[in-house]
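Modelling step: build the complete structure from the supplied sequences, incorporating the hints.
Those protein sequence lines, which keep their order, are chains A and B.
Heads up, the first sequence is in the numbering used here, so the first residue is 1 and it goes up one at a time.
Heads up, the second sequence is in the numbering used here, so the first residue is 1 and it goes up one at a time.
FYI, nobody ran anything at the bench for these hints, they're computed from the structure.
Beta carbons are placed, not taken as given, at the ideal position from N, Cα and C, and that holds for glycine.
Mixed in with the good hints there might be a few duds.
[Unchecked claim] In silico DSS-like pairs for lysine-lysine, Cα to Cα no more than 27 Å straight-line:
#  : chain 1 : residue 1 : chain 2 : residue 2
1  : B       : K163      : A       : K30
2  : B       : K58       : A       : K354
3  : B       : K140      : A       : K129
4  : A       : K213      : B       : K140
5  : A       : K365      : B       : K69
6  : A       : K34       : A       : K182
7  : B       : K69       : A       : K34
8  : B       : K69       : A       : K30
9  : A       : K34       : B       : K163
10 : A       : K357      : B       : K69
[What the hints assert, rightly or not] Listed next, with one range per pair, are the computed distances between beta-carbon atoms:
#  : chain 1 : residue 1 : chain 2 : residue 2 : range
11 : A       : Q347      : B       : I212      : 50 to 56 Å
12 : B       : D188      : A       : N78       : 50 to 56 Å
13 : B       : C37       : A       : V87       : 29 to 35 Å
14 : B       : T40       : A       : D331      : 44 to 50 Å
15 : B       : G145      : A       : F355      : 43 to 49 Å
[Claimed, not checked] Covered stretches of chain B (in silico footprint by chain A; criterion: 3 or more residues with CB under 8 Å from a CB of chain A, positions within the stretch not fixed):
#  : segment
16 : 34–41
17 : 105–113
18 : 140–150
19 : 167–177
20 : 240–246
21 : 250–259
Each chain, written out:
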Amino acid sequence: MYERIREKLSILADAAKYDVSCSSSGSDRKNTGKGIGDTGSGICHTYTEDGRCVSLLKILLTNFCIYDCAFCVSRRSNDIRRAAFTVEEVVSLTMNFYRRNYIEGLFLSSGIFKDADYTMERMLRIVKKLRLEENYNGYIHLKTIPGASEALVTEAGLYADRMSINLEMPTEQGLQLLAPEKSHEEVKRELAVIRDQAVAYNSERKLIKTTPKFVPAGQSTQMVIGATPESDKDIMHTAQAFYKHYALKRVYYSGYIPISNDSRMPAVGTRPPLIRENRLYQTDWLMRFYDFDVAELLNDEHPNLDMDMDPKLAWALRNPHIFPVDINTADYKLIIRVPGIGIRSAQKIIAARKFGKLHIHQLKKMGIAYNRAQYFIRCADSPFLLREPDPSQLKALLLRQSTSKYRTTAPEQLTLF
Amino acid sequence: MLTDDLPIYIFDGTFYGLLTAIFESYERKHPRIQLCCRETYAPEFFSGHIDIHSDKVKAQRVWRGLQQKVASVHLGHFYKAFFSEQAAIHLALFRYARYIFDHPAGHDFNYGHEDVLAIAQMSQRVHREKHRMEAFVRFKKSGNGLFFAVISPDYNVLPLISKHFRNRYADQPWLIYDERRKYGIHYDLHALHEVTIDFTQEQAMTAQTAVIIDAQEELYTQLWKDYFRSTNIAERRNMKLHIQHVPRRYWRYLTEKEGKL
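Quick look at the structure:
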């Protein structure tokens, strides 16, 4: 018994780890009636040796699957150990981990066995048991099974905090190449079900206060990066469209880790595209929090992100006419566009400058990355320059100064962009 | 005036004591002072000093005064920064309060001011440690059903985290013990209690709990370690990032890092 559950957990955690979402924020479930658990701003309870956060118990219900998606470790043609949890096993693992403060909650996904509804129904039983029998108010992230019926998906949404379904590949063509049994259309259909139900429940709650919460932490999706040849522009324009049309809370980008000798994809042993993944997340942040339009960062002229520098710096160097920005007078929206200044520092600057002009030493103390920002700002005691530095000189200068953990070779001298 | 010439206030190191000192500085017309804790103060034979006796009424007047003049978020910063226990923070909090009272409302947003920024930044550091402890507490279940954990936080955050644990674990009795500061918080399904355990008792407790640990504890400890290993992606190994997020000084309190030091 002891060994069997250990083996199952190892197999089904190993198979679930390629789903990168681990967010446990965005919900506000309270612990009512002296039960157990609540949700709030999210907590990362530990970090694995790959530096990724562990917030949720992330497992598959089973890794038996009727599909044969080339990028997936659980594809039916793959010769691996298979296992399946019982409903009781998942519930007792979740509760016992949660009670010991190991986790913020459960992330439950599954391979598809028999058919979509059969799988979804099993997952629904788990979340209902947790909520109704264990009086559990911790976080639950539930995967929507592609092709599951609207009734089942809607019912699951009453118990889950977040639901998600993966686009898998950034474009329909990419998906058709590697997983002809799946389609973006199916994903869109499922996302729309949750989106529309959430709108309905929320408007009903305005009239009737006791209307239950429906997927309060919203929906997310994931794209695998680097398995197929899409450009960064393709990826981020898809992300932008899904943020807009399906009100997604997050899009996750998962650098492809070669797991098979399929000739259509990078060979086993190829390094996962970690820098590229990082740059895509930076772009995603600029879109969501820094008021950038995706077309400003990625367009036909610049279809791929610069791997040497972050996308905000790259954008600033391409747009020298906007700089320097006067810290003491510029709009907030312009200040957050300065490389080296983040949201928190920008807010501090806006609040503090009402009490007098800001000087370099104050900006440094507030925590802006002055080494980078200095070329793009003016403040009370900025040195007077006869001539603004040329963007290409500036790029070379900044690259020389920065030490990137990713870069192994010396930066090129003076490239044009 | 040199700092040597400033009046020296000796207080008991408590939050109320600090607020009382602020109150008295107005009464005694001392805009600038030196501030020392009674515990650590070594009086030089020639220097006179002023003993501050914590006074609830005076303290609450200062607190209400701050409430009226600063945004609630900054009131929280003031309170959190206090728990940093850093030598310089008491005087910074004193100067901050003087600055707030001596200026019109709204000056708590002047992040260009040294003390305003210092309080905001220190409170952020304390907040981070608080958040870290909400993450890093690892309960073990004992035979009598008590979930207990030992921590050793950089700052004195136990008073700041107890509400979080009471709300979340309302249906299980628990005890979180700060090894460094030698006190703990116990929740008995009804209320929170501060507990102190002296050294001999502490040893007895560990010896005893080793015997009366819950029968299932070993299984879940093992499963958690297994999970921690399985959910790692070896191809993405990044120990620098791992250690940045989980600094070594916390490893001995983390179930999943047992035996890794």
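Structure-based check of each hint:
With a C-alpha separation of about 13 Å, the suggested pair B/K163 and A/K30 falls inside the 27 Å cut-off, and the hint holds. Of the supplied pair hints, the one linking B/K58 and A/K354 is violated, its CA atoms being roughly 33 Å apart against a limit of 27 Å. Among the hinted pairs, B/K140 with A/K129 is consistent with the structure: their alpha-carbon atoms are about 24 Å apart, no more than 27 Å. At most 27 Å may separate the alpha-carbon atoms for a hinted pair to count; A/K213 and B/K140 exceed this at roughly 33 Å.
For the hint linking A/K365 to B/K69, the alpha-carbon distance of about 24 Å falls within 27 Å, and the restraint holds. Between A/K34 and A/K182 the CA atoms are separated by roughly 44 Å; this puts the pair beyond 27 Å, and the hint is violated. At most 27 Å may separate the alpha-carbon atoms for a hinted pair to count; B/K69 and A/K34 exceed this at roughly 37 Å. Note on B/K69 and A/K30: the hinted pairing is violated, with a Cα-Cα distance of about 32 Å set against a maximum of 27 Å.
The hinted pair formed by A/K34 and B/K163 meets the criterion: a straight-line CA distance of about 14 Å does not exceed 27 Å. Straight-line distance between C-alpha atoms of A/K357 and B/K69 comes to about 23 Å, which keeps the hinted pair within the 27 Å bound. Range check, A/Q347 to B/I212: Cβ separation about 52 Å, and the 50 to 56 Å hint holds. In this structure the hint that B/D188 and A/N78 lie 50 to 56 Å apart at CB holds, the actual value being about 52 Å.
Take B/C37 and A/V87: their Cβ atoms lie about 57 Å apart, and the range 29 to 35 Å is violated. The hinted window of 44 to 50 Å between B/T40 and A/D331 holds, with their beta carbons roughly 48 Å apart. Remark: the range hint 43 to 49 Å for B/G145 to A/F355 is contradicted by a beta-carbon distance near 55 Å. Here's how the segment 34–41 of chain B fares: 0 of its residues keep a CB closer than 8 Å to some CB of chain A, so the rule of at least three is not met and the hint is violated.
Given a C-beta distance limit of less than 8 Å, the hint that chain A covers the segment 105–113 of chain B holds, as 6 residues qualify and 3 suffice. Residues of the segment 140–150 of chain B with a Cβ under 8 Å from some Cβ of chain A number 4, which satisfies the need for three, so the listed coverage holds. Residues of the segment 167–177 of chain B lying with their CB closer than 8 Å to a CB of chain A number 6, which satisfies the three-residue condition for coverage. Counting residues of the segment 240–246 of chain B whose C-beta sits closer than 8 Å to any C-beta of chain A gives 6, which meets the bar of three, so the coverage hint holds.
Given a C-beta distance limit of less than 8 Å, the hint that chain A covers the segment 250–259 of chain B holds, as 3 residues qualify and 3 suffice.
Violated hints, in rising order: 2, 4, 6, 7, 8, 13, 15 and 16; the structure is consistent with all others.
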